[in-house]
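J.: Each chain, written out:
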Amino acid sequence: MFDLERWQEIFDTIRKNKLRTFLTGLSVASGIFILVILLGFGQGMQNGIEKEFKTDAATSIWVWPGRTTIAHNGLNPGRRVQLRNENLDYINNTLDADFDKVSTFYFPRDIQVLYKNDLIVYQVIGTTDDVQVIENQYIVEGRFINERDLAENAKVAVISSKIKKEVFKDLDSPLGEYLTISGAGFRIVGVYSEVSGDDEGEEERIWIPLTTAQLAFNGGDRINNLTFMLPEKTNLGQTVASSLAFEDEIRGYLYKAHGIAPEDERAIHIWNPIEEAKRYYSLTGNIKFFFWFVGVCTIIAGVVGVSNIMLIVVKERTREIGIRKALGAKPWFIVSMILQESIFVTAISGFTGLILSMGLLEIIGPNVEIDYVVNPSVNFNVAFTTVIVLISAGTLAGFFPAWRAANIQVINALRDE
Amino acid sequence: MIEIKDLHKSYKMGSNSLHVLKGLNFSIGEGELVAIMGSSGSGKSTLLNILGMLDEADSGEYTLDGVPIKNLNETKAAQYRNKFLGFIFQSFNLINYKNAAENVALPLYYQKVPRKERQEKALKYLDQVGLKEWAHHLPSELSGGQKQRVAIARAMAAEPKVLLADELTGALDSKTSYEIMDLIQTINDQGNTILVVTHEEDIAHMCKRIVHLKDGIIEKDEKVKQVRASAYV
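Sequence lines, in order, name chains A and B. If you count by our numbering, then the first sequence holds residues 1 to 417, one letter each, in order. If you count by our numbering, then the second sequence holds residues 1 to 233, one letter each, in order.
Be aware that one or more of the hints could be misleading.
Computed spacing ranges between beta-carbons, pair by pair [claimed, not checked]:
no.	chain 1	residue 1	chain 2	residue 2	range
1	A	Asn-308	B	Ser-40	47 to 53 angstroms
2	B	Asp-189	A	Asn-308	48 to 54 angstroms
3	A	Leu-396	B	Gln-111	47 to 53 angstroms
4	A	Val-304	B	Gln-111	38 to 44 angstroms
5	A	Ile-348	B	Gly-130	37 to 43 angstroms
6	B	Gly-29	A	Asp-12	37 to 43 angstroms
7	B	Phe-26	A	Ile-348	53 to 59 angstroms
8	B	Asp-127	A	Phe-344	33 to 39 angstroms
9	B	Lys-112	A	Phe-344	20 to 26 angstroms
These are computed hints drawn from the structure, not numbers from a lab. We put the CB at the ideal spot given by N, CA and C, even for glycine.
Using the sequences provided together with the hints, build the complete structure.
T.: Structure follows, in structure tokens:
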């Protein structure tokens with residue numbers, strides 16, 4: 001292996017058979033190149049789909065009431081279901097359910113929002129402190145509503161970046177400014193932004209504390225919906241299972257508390273995006289599988305290609321092998337030299353293909369801006385293993401004809417025209 | 001130098017067995033120039049293959065420079081070929097991507113001679129066959145006669161005990177053939193043992209001894225008066 005004379009002989013052979021070497025190398029390098037690019041785009045699609053989905057927290061559940069459609073316990077159908085604070089308290093304190101955060105909205109009706117006597121039209125929502133986690137929001141400046149605001153019925157408001165841009169564009173900061181909501185002054189304490197941007201009009205909202213909203217705008221103990229965020233389990237299957245169980249539990253409690261027939265599907269609406277998440281995740285799983293499949297086929301094609309080339313190379317060299325044997329070369333010496341040459345060529349070109357393709361992914365990857373494809377990249381170990389597989393396959397494919405050629409009678413090898 | 005006793009060889013051809021060599025006995029001394037003659041099918045190529053350790057006899061004894069040649073594996077045979085024998089073929093059998101000097105140096109590579117020394121020796125033997133100027137030409141750039149000269153230089157380079165030539169003029173015109181035979185005679189004059197297989201009378205008569213083979217037996221083994229090829233060149 002480290003015999004200098006032999007390497008000289010090998011380099012000699014390579015130098016004088018440039019076309020053959022080049023073609024062998026090209027097929028190996030392009031095989032690796034295509035494979036790595038394919039795998040990279042498979043990963044990119046998976047990243048892209050994950051990103052598209054990351055708007056609201058994936059494990060959130062939304063509950064809002066409707067009207068009953070079935071008579072139950074002596075109550076008429078068509079009755080409007082009204083969620084109340086006690087429902088929230090019960091869920092928070094008594095119900096033994098598995099959730100991380102809960103929040104609620106109260107939409108005050110018939111209110112006006114004024115800023116310096118100008119009417120501005122945004123939705124005002126009373127809510128609790130945990131809503132920002134559930135809605136995937138982050139604070140740009142100031143703070144969000146906190147527990148003290150809720151306890152003290154503080155007249156504070158949190159506005160979105162969009163509102164800041166549209167209404168407070170002349171100010172450095174809207175913090176400390178007052179909004180007049182139906183006659184009451186609310187001090188702006190924070191500005192938030194949505195992770196997903198303003199795609200769905202979610203930055204059109206002004207948050208105020210739930211308790212303040214109920215107190216100031218005639219809400220009593222009414223709330224309009226419930227939002228839960230569930231913990232993520234170790235894998236998707238468990239997350240889905242616990243999410244569905246939680247959904248059943250909440251439904252059971254609310255149906256009982258509000259006297260709703262169990263089979264009434266329109267009285268309480270529950271939206272659980274985990275099912276959708278599951279679809280997305282299995283979609284990305286399928287896509288990944290597809291790219292792996294294509295990749296494996298590419299490897300097989302590469303192996304066949306390399307093997308073919310090795311077969312032809314050895315066949316072409318049968319006569320040369322005969323001559324070398326007549327001149328006193330031992331069979332194993334011939335075989336190992338041919339293999340050493342082929343391993344050298346496939347390794348060099350294989351790693352060239354690897355480096356080129358990974359370099360390409362590295363350079364263009366972060367700049368790819370196509371829907372559903374984000375930062376295509378490939379696991380180095382996977383790519384490396386592939387190169388090793390191709391080299392081994394080529395070696396194996398070259399070995400048998402080389403061994404046969406080195407062991408046939410010299411006289412037959414020389415006769416081979 | 002070469003000692004052969006009761007050599008038999010037959011080939012299986014399907015269900016038939018073809019008895020090619022039917023008990024050959026002869027010996028060749030050092031410095032001889034022997035022609036083995038015979039029509040096709042007489043067994044002369046088979047004999048040469050056995051002498052060249054490219055094929056093995058069914059029975060009989062073969063001794064080369066005092067070493068019994070029997071039951072050789074490929075590795076051992078390769079070693080012996082490299083040490084004892086130089087081959088010259090009808091179709092030259094040069095490696096086409098190596099130039100003349102590299103072709104000549106190849107057997108030395110298998111003798112593990114260092115690179116520098118190989119190159120020096122190769123040039124020396126190319127000079128002997130009159131092709132020093134052509135050392136860096138590829139076989140495709142040489143004429144038939146020149147190719148055969150390179151092949152002879154290559155056979156000589158390993159400094160073997162015996163040179164085996166199989167129809168070495170078969171692919172050449174008669175003028176070139178005589179030039180090659182002149183070279184062979186010169187090499188023989190220097191004391192090398194040479195065995196030439198041919199079916200051409202005139203080539204055979206340029207040797208010192210002719211062994212006539214017919215149907216697997218030695219028909220006639222005669223010393224002849226050598227015709228010097230230089231007379232025709």
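J.: Would you mind marking each hint as holding or not holding in the structure?
T.: Each hint tested on the structure:
no.: 1; hint: A:Asn-308 <-> B:Ser-40: 47 to 53 angstroms; verdict: 39 angstroms, violated
no.: 2; hint: B:Asp-189 <-> A:Asn-308: 48 to 54 angstroms; verdict: 52 angstroms, holds
no.: 3; hint: A:Leu-396 <-> B:Gln-111: 47 to 53 angstroms; verdict: 32 angstroms, violated
no.: 4; hint: A:Val-304 <-> B:Gln-111: 38 to 44 angstroms; verdict: 40 angstroms, holds
no.: 5; hint: A:Ile-348 <-> B:Gly-130: 37 to 43 angstroms; verdict: 42 angstroms, holds
no.: 6; hint: B:Gly-29 <-> A:Asp-12: 37 to 43 angstroms; verdict: 40 angstroms, holds
no.: 7; hint: B:Phe-26 <-> A:Ile-348: 53 to 59 angstroms; verdict: 55 angstroms, holds
no.: 8; hint: B:Asp-127 <-> A:Phe-344: 33 to 39 angstroms; verdict: 35 angstroms, holds
no.: 9; hint: B:Lys-112 <-> A:Phe-344: 20 to 26 angstroms; verdict: 22 angstroms, holds
Hint violations for this structure: numbers 1, 3, all remaining hints satisfied.
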